[in-house]
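Starting from the given sequences, assemble the full structure and let the hints guide the process.
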Amino acid sequence: MGLPCGTHNYTYAQDMAILRTKTHWSLLIILFILVFTAPLYWSNYWLSVANLIGITVIAAMGLNILTGYCGQLSFGHVGFIAVGAYTSAVLTGVFGVPFLVGLVAAGLVAGLVGLISGIPSLRIKGFYLVIATIAAQFIIIWVINHLELTGGSGGLTVPYASIGGLVLSSEASQFYLIMVIAVLCTFLAKNLARIKVGRAFVAIRDNDLAAKVMGINLFPYKLLAFFIGCFWAGIAGSLLAHWMGSISPANFTFMESLLYLGMIVIGGLGTTLGPILGVIFIRLSQQGMMFLTPTIEAAFPALPAGSAGGITLMLFGLIIVLFLILEPRGLAHRWMLFKVAYRLWPFSY
Amino acid sequence: MAELLQFTITGVSVGMVYALIGLSFVLIWKSSGVANLALGGLVLIFSWFTYGMTVQVGLPYWIALPLVIIFALAVGWLIERFALRPLIAQPILSLFIVTLGIFYFLEGLAVFIWPWMVDTLPPIFPPEPFHIGTAVVAQPYIWAAVVSLVLFGLLTLYFRYHKMGIAMRATADDQFAVQACGIPVTRIFSTSWMFACVVAAIAGVLISWIGGVSHGLVETGVKSFSVVILGGLNSFLGCIVAGPIIGLAENLGGGYLTPLFWEGLEDIIPLIIIIIVLFIKPYGLFGEARIERI
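In the order they appear, the protein sequences are chains L and E.
When we follow this note's numbering, the leftmost residue of the first sequence carries the number 8, and every step to the right adds one.
When we follow this note's numbering, the leftmost residue of the second sequence carries the number 1250, and every step to the right adds one.
Some hints here could point you the wrong way.
[Unchecked claim] Okay, derived cross-link-like pairs now, BS3-like style, lysine-lysine, Cα gap no bigger than 25 Å in a straight line: (1) L:Lys-203 <-> L:Lys-219; (2) L:Lys-132 <-> E:Lys-1530; (3) E:Lys-1412 <-> E:Lys-1530; (4) L:Lys-29 <-> L:Lys-346; (5) L:Lys-219 <-> E:Lys-1530; (6) L:Lys-132 <-> E:Lys-1412.
[Said to hold, decoys possible] Incomplete in silico selection of chain L near chain E, CB under 10 Å: (7) Leu-163; (8) Pro-166; (9) Leu-280.
[Stated by the list, open to error] Computed footprint of chain E on chain L, listed as stretches where at least three residues anywhere in the stretch have a Cβ under 8 Å from a Cβ of chain E: (10) 30–44; (11) 111–123.
Read the hints as simulated data drawn from the structure, not as lab findings.
Computed from a predicted model, the values in this text were never measured in an experiment.
The C-beta atom is built at its ideal place from N, Cα and C for all residues, glycine as well.
Set out below in structure tokens:
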């Protein structure tokens, strides 16, 4: 599917290759060159936008594994990101642990918290699981708000990330760190979906009883999905903490959790490309709204101060509803349709 | 002892309002199997609409309240017709997320029109409190409990005796059989959304009389999820039993445990109850366990 005319697979290795043709390879290499030389010609502002997008992509990939592949709804993803962010911040800031250890520890702790929140998933699903994860999010944020170690509602200042004496203080250096991890996470997510574990996840998503009958042990696989999804959230949280420089519970709101779900739905559930497209779409439209807000406020002086924040929320609500009604398979599906149309052009089929 | 009575009465009456919001959820879940996550947003928008009508436009309550009901009916119809109906027979995830989109939209609308955070509705009840035994209770609490109970009674009667109510129960039981009997299922869905919105509007007005109008009403919506989880997703009786339990736990726990533990404990007591219930009795006190077939 989707391969150019005349490309045939003769071995399993060819059949399974992600990058099948020379064009694939060259396009990917061009993309990498473009991305990794970006700090040379992008301003600091756009680099910070790209950093935020990179971090969000990592977290959204995790949520996509949990919700898109395994079908376990998580409405508390930002709670797990917060766990990762605070783990890394406390370990590096208070205990002086090296950044890379903090990064891995953030993933592991967030994964473990996710594992605990995922335990109810064996007995419950659908709406019940939604409520359990909402409760998890609120409890996590509440605990962070009340612990001495995490600085309460005032938050913590986080030192810059440093790898072996190299302090990553500029946007550009953090850009490289975040992009390398984002590429790694994307590669792992893509492959995870193709091995036994990924297939088991998809089977559980489509019908968990049928999956059980076929011999998939539900409990470990569901917990594994929670662990992997939240591990990724923790990694993203750690990067977020070091990138922002200071964190407080106000950074990790419930609405942000809902936005993550919106991102993967808009991008396309259960695809590797989907979260990337969805995240870029949402984060760029947030930037666009930030540009437009002063214009709107100037154009309609009759509006009470602060109204423009409402427009953003309304717009996202509308986008999510319209996507579900008009394009339930997301931007990734649109992209596939475009590729097929391009391959066949100028013929319709 | 005086404290205990005080906490109990406020707890039960706030719990009755939570139960009412929970009822709004159960109405939709029972008839169409959609989990309405936009509940907090609905309560929010109706409370602010009441505020707009009474404070900003300056209408007296006897005109404003019918207007709120009409607005609620319209919102319910619009949501069902334009957001939910195109998604009939879609996977459950889409249904969750579409209500989420509605939640976003409603919250945005509230922030857009009423961007300031907190305000109060003009008082409708006389300011002097009731004295029950040693407890002193402000009037809105008592009236909230009374209105909730009356509404429960009316809805129970409606579902037992009215033709449309019976049809709605039948739809909840078996959609295909109902369609075969010639009952328009889409109209049932739309009616149940309109009903749910009216119930949410009344609950919103009651809770605003107690605690003022604010954007924190979203969290009241989340608390009412704990009511439906505890009571069982498809049980009216569960709602009315679980509502006061949650209200009591929140008030008693907040009152007695706060000095022992951290401050603000009452905010997460309902959530802890949710987790415990989900571990022990996932289908709630009165909910039916679903037997699944492949």
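Structure-based check of each hint:
For a cut-off of 25 Å, the pair hint linking L:Lys-203 to L:Lys-219 stands: about 15 Å separates their Cα positions. Pair hint L:Lys-132 plus E:Lys-1530 holds up; C-alpha atoms about 13 Å apart against a cutoff of 25 Å. Between the alpha carbons of E:Lys-1412 and E:Lys-1530 the distance comes to roughly 34 Å, so the proposed pair goes past 25 Å and is violated. Among the hinted pairs, L:Lys-29 with L:Lys-346 is consistent with the structure: their alpha-carbon atoms are about 16 Å apart, no more than 25 Å.
For the suggested pair L:Lys-219 and E:Lys-1530, the alpha carbons sit about 22 Å apart, so the restraint of at most 25 Å is met. With a C-alpha separation of about 34 Å, the suggested pair L:Lys-132 and E:Lys-1412 falls outside the 25 Å cut-off, and the hint is violated. The beta carbon of L:Leu-163 comes no nearer than 18 Å to any beta carbon in chain E, farther than 10 Å, and the hint placing it at the interface is violated. Hint status for L:Pro-166 relative to chain E: violated, with the closest Cβ pair at about 28 Å, above 10 Å.
The criterion of a C-beta within 10 Å of any C-beta in chain E is not met by L:Leu-280, whose closest approach is roughly 19 Å, and the hint is violated. Coverage of the region 30–44 of chain L by chain E is violated. Counting CB-CB distances below 8 Å, 0 residues qualify, and the rule asks for three or more. Here's how the region 111–123 of chain L fares: 0 of its residues keep a CB closer than 8 Å to some CB of chain E, so the rule of at least three is not met and the hint is violated.
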